[in-house]
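Engineer: The residues making up each chain are set out below.
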Amino acid sequence: KAGVTQTPRYLIKTRGQQVTLSCSPISGHRSVSWYQQTPGQGLQFLFEYFSETQRNKGNFPGRFSGRQFSNSRSEMNVSTLELGDSALYLCASSAETGEAFFGQGTRLTVV
Amino acid sequence: EDQVTQSPEALRLQEGESSSLNCSYTVSGLRGLFWYRQDPGKGPEFLFTLYSAGEEKEKERLKATLTKKESFLHITAPKPEDSATYLCAPGHGGATNKLIFGTGTLLAVQP
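Chains as they are written, first to last, in the working numbering: chain A, 1 to 111; chain B, 112 to 222.
Source of the hints: derived by calculation from the structure; they are not laboratory data.
Check the hints yourself; a few may be wrong.
To list a few chain B residues with every Cβ distance to chain A over 12 Å, as calculated [said to hold, decoys possible]:
hint : residue
1    : 115
2    : 154
3    : 185
4    : 188
5    : 193
6    : 206
7    : 221
Calculated cross-link-like contacts (lysine-lysine; reagent style BS3-like; alpha-carbon spacing at most 25 Å) [unchecked claim]:
hint : chain 1 : residue 1 : chain 2 : residue 2
8    : B       : 180       : B       : 168
9    : B       : 153       : B       : 180
10   : B       : 180       : B       : 190
11   : A       : 13        : B       : 170
12   : B       : 153       : A       : 57
Keep in mind the model is a prediction, meaning the values are calculated, not measured.
Ideal Cβ positions, reconstructed from N, Cα and C, are used throughout, including at glycine.
Could you build the full structure based on these sequences and the hints that come with them?
Structural biologist: Here is the structure:
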């Protein structure tokens, strides 16, 4: 059974640019959540999508957005990048039991 | 407000020296308590889910236990390959798979 796939694995962007990250969940999982991980703040919840609808949202500015497609694949977008957006972005795929399985993450560096 | 505190922040053990990691939490409507292991530069790897006080689960040298306000991860006779960051994440109540992560315990096991 394939795990959670995140692409790309690494990105370098310039301040002010925008970026789109992709996540393919485990087959059959309808819930996809996104987290930001930084050394200072740890893992922080961005948002969750379930059956193409945003079900929950964390405390992040509107520059962070996401969507989910009918095949459960999800994308997150960050607009007007700031240096502080440099982080490991993690996607988690959840089944009905609630157990979340993570991808390897996308390492975003903003210069 | 939801809070998760893990202690100690860092722990250094000799191979074979058993110890315990602590996770204290205050989360409204707890929907399971999840333990993960994370290696540097990788996504968290799922270890256990505990749903009710008194529940215990074991996997190789690891055993997780749960009370109403705390969870413990006991490591028996650890090996160097157990070195990693261990993350505790209570699941938020309601119709969501949102996890609230602690900052983790960095475990180093020396041969």
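Engineer: All the hints need checking, so say for each whether the structure fits it.
Structural biologist: Each hint, compared with the structure:
Consistency note on residue 115 (chain B): stated as away from chain A, yet its beta-carbon is not over 12 Å from all of that chain's, at 9 Å minimum. Interface exclusion of residue 154 (chain B) from chain A breaks down, the closest Cβ pair being 4 Å apart, not more than 12 Å. With 12 Å as the threshold on Cβ separation, the claim that residue 185 (chain B) sits away from chain A holds: the shortest Cβ distance comes to roughly 21 Å. Residue 188 (chain B), annotated as away from the interface, keeps every beta carbon of chain A farther than 12 Å; the closest lies near 27 Å.
With a closest Cβ-Cβ approach of about 19 Å to chain A, residue 193 (chain B) is found to remain outside the 12 Å limit, as its non-interface label requires. Interface exclusion of residue 206 (chain B) from chain A breaks down, the closest Cβ pair being 7 Å apart, not more than 12 Å. Every CB of chain A is more than 12 Å from the CB of residue 221 (chain B) (nearest about 23 Å), matching its label as outside the interface. Distance hint between residue 180 (chain B) and residue 168 (chain B) is fulfilled; the C-alpha atoms sit about 17 Å from each other, no more than 25 Å.
Between the alpha carbons of residue 153 (chain B) and residue 180 (chain B) the distance comes to roughly 29 Å, so the proposed pair goes past 25 Å and is violated. Simply put, residue 180 (chain B) and residue 190 (chain B) have alpha-carbon atoms about 29 Å apart, too far for the 25 Å limit, and the pair is violated. At roughly 41 Å between alpha-carbon atoms, residue 13 (chain A) and residue 170 (chain B) are farther apart than 25 Å, so this suggested pair is violated. Note on residue 153 (chain B) and residue 57 (chain A): the hinted pairing holds, with a Cα-Cα distance of about 24 Å set against a maximum of 25 Å.
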